[in-house]
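Here the sequence shown is numbered in the numbering used here, starting from 446 and rising by one per residue.
Derived by calculation from the structure, the hints in this document are not laboratory data.
Where is the CB? At the ideal position from N, CA and C, for every residue including glycine.
Treat the hints loosely; a few may be bogus.
[What the hints assert, rightly or not] In silico lysine-lysine, BS3-like type, Cα no more than 27 Å apart, as pairs:
(1) K504 x K490
(2) K535 x K504
(3) K448 x K477
(4) K490 x K477
(5) K499 x K448
[What the hints assert, rightly or not] Ranges of calculated distance between the beta carbons of each label pair, as one might list FRET restraints:
(6) D556 x S457: 33 to 43 Å
(7) I500 x W554: 31 to 41 Å
(8) K555 x V503: 37 to 47 Å
(9) K564 x E506: 18 to 28 Å
(10) H539 x T493: 52 to 62 Å
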Amino acid sequence: MDKRVYHEEALSRLQSEYNRLETRIDGMYVDKLDGKISEAFFEEKSMTWREEQKIIIVKMESLQNASQNYIEEGIQLLELAQNAGFLFMKQSAHEKRHLLNFLLSNCIWKDGVLTVRYKQPFDILADFITGLDAQKGHKAENLHEFDKWLGY
């Protein structure tokens, strides 16, 4: 399951639980006004349910903070990707190897040609750029908007 979908579903479940408790409290208040339940019972139950609501709010805030962290990490990843070519050239051989192991799988050297396969999600980016190259009128020199991604 997609993390975004999981995140949205978790927030939705928490919001539903919060609303369910709120509906209980409201209904119980009407019962108290109608004399169906005592003031003490209303206070006891509403206090319990309000505490449960507080816990739900904390969980929802935690999920929302996680969402913000995903966004910030995504931005940092994009910034890193923009500078990847420059940073790669400055790294030691060990660090270059580590990065290549992170990005690539099933590299083949055959007849003087290196063929690489990217790991997910890098394969999507590589396929996208390759697809643009293959389109009519989109030669590599015309793709200056992707220079940072391509490491130029």
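**Request:** Could you work out which earlier hints the structure fails to respect and list their numbers in ascending sequence?
**Result:** 2, 3, 6, 7, 8, 9
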